[in-house]
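Q: Listed here are the chains, written in short residue letters.
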Amino acid sequence: MNARRVPAGIVAAGLLMGALPFLKLPAFYESFLYLALFWIVLATSWNILSGYAGYFSFGHGAFFGAGVYTSATLAAKFNWPFLWTLPMAALVAAAIGVGVGAVVFRVRGVRGEVFALLTLAVTFVLATIVGNTPIDGGPGVYLNAVPVPKLGPSPTSSLYLMMLAAAVVTLLASWAIRHSRFGAGLFAIHDDEDAAEVMGVPTYRWKLAALAVSCALAGLAGGIHALFISYVTTAETFNLTVPLTVVLMSILGGTRHWAGPAIGAVAITCLLFAFTGGEYAVLGKGVIGLILVIGILFMPEGVMGKLRRKGIGSLSEGAARPHLHPHPNPLPQAGEGVRQPASEVLLRVNGLSKSFRGLKALSNVSLEVRKGEILGLLGPNGSGKSTFINVVSGHYLPNGGEVWLDGRNIAGLPAHEIARAGIARTYQIPRPFAQMSVLDNVAVAAMYAGRGLPSLDAGRREAMQWLEFTHLAGKAQSLPGELNLHQRKFLELARALASRPKLVLLDEVLCGLTPTEIQSAVEQIRRIRDQGTTIVFVEHVMDAVMALTDRLVVFDQGSMLAEGAPRDVMQSPAVMSAYLGVAHA
Amino acid sequence: MSFPSWTLLSQSVLSGVFAGALYGLLGLGLGLSWGLLRTINLAHFAFAFLSAYICYQLAAVSHVDPLLTLVGIVPLMFALGAGLHWLTDRFRLTPFSSLLLTFGCMGIVESLMQTLWTADPRKLESHYAEMKFRLGPLYLPIPEVLTLLLAVAITVAVWAVLRFTDLGKALRASAEDAPVAAAFGINQRRNGFLLAGTCSAIAGIAGVCLALSSSISPSQMYAWVGVVFAAVMLGGLGSALGPLVAGIVIGVSEAVTMAVTSPSWAPLVSFTLLILILLLRPGRIR
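For the record, the sequence lines run as chains W and P.
With my numbering applied, the first sequence covers 1 to 585.
With my numbering applied, the second sequence covers 1001 to 1286.
Hints listed in this document are in silico derivations from the structure and should not be mistaken for laboratory results.
Accuracy of the hints is not assured; some may be wrong.
[What the hints assert, rightly or not] Calculated lysine to any residue pairs in the SDA-like style (CA-CA distance at most 25 Å, straight line): (1) Lys1132/P x Met1258/P; (2) Lys306/W x Arg1092/P; (3) Lys1123/P x Val282/W; (4) Lys306/W x Asp1089/P; (5) Lys360/W x Gly401/W.
Next up, chain W with everything else stripped away, as it sits in the complex:
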């Protein structure tokens, strides 16, 4: 099983490379290898937030620079032993990153592009502050007098060994995060942040955590590099070379693979080396630009993405594939326990309101959902059914009212906390995480929503059971794009069920299905209820509604029109006029 082999391999490669300086190689090789390792650390650390979670940062230069100046200041002005400055460099960079992230990630509208540009701005802000305060003050900081820690036979080899250690740590972190519960959450954020939040992923905290790790590693590299260049200036530190190069390296290598950025880093470092010196340096910049252009156009997934497509590099995907031994069906078979719709209330909604710029989508809605029942939610288009689901699941903040689940008011809580409290939902138009396997799609919900599971392996095992339940087990390793609509609806269902929720909100799961598919879906929903899960069922297919539901609630223009047993409700005059129009007789 290569779950243990990869980290062992990284450490072994590190040890082997650590022996190089003692073979008395010319210093030239050490500098070259140092630079390659330097870029490996920077590109790989960048990738932990930007590649995994999809928030491209152009501010990596700022966080790297924070490390450079922390080490330079502490070592040159306060005479700290150099090695002690490195943890501080990582810490300061991480603190700045978290500070920026705490502001930027709090704003809901800030997604990809705006984030990229804001982080670009951070670089210049930091450069201005450093340049105008005694940290630098203009002339730059010299580290000539700082003694290089004696780790290897020569100062160059000591620096090389330090960067090697940093690279090993960074690659281990990158690998570990890629194959963890945390990593799966980041990939879910990458594909669909709202859906991730609804599946229980604490998106805000996860983005901050990824940013912190990413910045700390960049700061560490910066600290070491300060001593390597031994004279630091704001102009050389806070420019666009670092962000441009790391973006390029990661894109070229592939951002979805833990080793992608490292591979890109080695390739580009070799290339840059060919262009060093005088005239060629200028040309190098153009060549990098050209490679970036060609990469974006013809190889948007990078080298590792290409390889995986061809099935060669599938090691990471297959690594933690769960063992397929037959599981007992997670649900008791229908009819196992004869169900009595209890009168106990699971969800109580009081005076819930939501308006969009004056349009009242929900006004003063109060209703109850009882334990173990299927409550049908009906109403013409635009009557507020989907808004109701969006507000209860935390996708929208309500303007007023309370939502009590098991004695706890969950109105206004972030969506991931509502998911953890035990409410799951499906989307009317399925929103799978497009670049994660079907199995991992379900595993994310199993790991994060409801009571949650502590590890990716446990999540995948649980997910497999739900894929079997929804007859998708054969598609576990496919991407959602390869499923048909019926299967994608069932994937939504599997994701909602995988957290073993107390309450499932089904938003038009039958819409668009053929009559036979509806038949099998109705059976499926019955089995879900028989296990004890309470269901709110929004649907237009009347046969299914009448067959499944215990009670009906009808919405019209954002408020409740009727409530009661299905037959009574459908025959009430108010409902008939809302659906069929007023009789003019």
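Could you slot chain P onto chain W? The hints should help.
A: Same frame as chain W, now just chain P:
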């Protein structure tokens, strides 16, 4: 920190307005292509600087009147912009990929400019720069006044086209919902090329203004990225008047900051404004 005199302060505000006009002129095309074409065009800055260098070359070496160079620069930039749009359109790039792609283009153009004109700053000495007139105690340099006039004229013209003509309505409709707009018979391909070309042509005009009023060096274009994007985001994506207004607000705040503290603090102003707006009015930026 000492409080400057009123004359100095008014002069700062005035120079802030002039600087803001250039931010607005650069931001206009950037914001339009972001908002209406979903292309985040960093090459916009490269186009502007390339135009500035071409203007410098023609005026300083071949002694053409700097303003006459526009005759050649505008069509050239239009073609470059349309060509870039062909790429982003042909490969169906997302806004983000377009940002990376044009980042690459910026590197290529920088390398080209550095090869042709070296990394040293160049300053165009034109007879416009010697013309200046005074308004009471205030001093008005002609290149800056020209920039302001051009910025206002072009901004108002673009605003009017977007608001009142069928073409403008078609462009806004396509930005809001491309498939529906196409179903109503809007020729999006043609409109896209037209808009992309126009945005770059405006960048070309901004470049000439830049060459007239300040010294240029290839790496300087990165310094403009932050401020101009701040103006675009403050002004609103796809808005015609927004970038100019926001640009002038930023320009004036920067100039006053420089007068009251020291010039090196100026870069902080635009980003502070941007972050404040982000926090206070998050809906402003989409």
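Q: Does Lys306/W pair with Asp1089/P here, judged by a C-alpha cut-off of 25 Å?
A: 23 Å, holds
Q: For the pair supplied as a hint, Lys1123/P and Val282/W, confirm whether the alpha-carbon distance does not exceed 25 Å.
A: 21 Å, holds
Q: For the pair supplied as a hint, Lys1132/P and Met1258/P, confirm whether the alpha-carbon distance does not exceed 25 Å.
A: 23 Å, holds
Q: For the pair we were handed, Lys306/W and Arg1092/P, check the Cα-Cα distance against 25 Å.
A: 19 Å, holds
Q: Does Lys360/W pair with Gly401/W here, judged by a C-alpha cut-off of 25 Å?
A: This hinted pair holds, its Cα atoms lying about 14 Å apart.
Hint violations for this structure: none, all hints satisfied.
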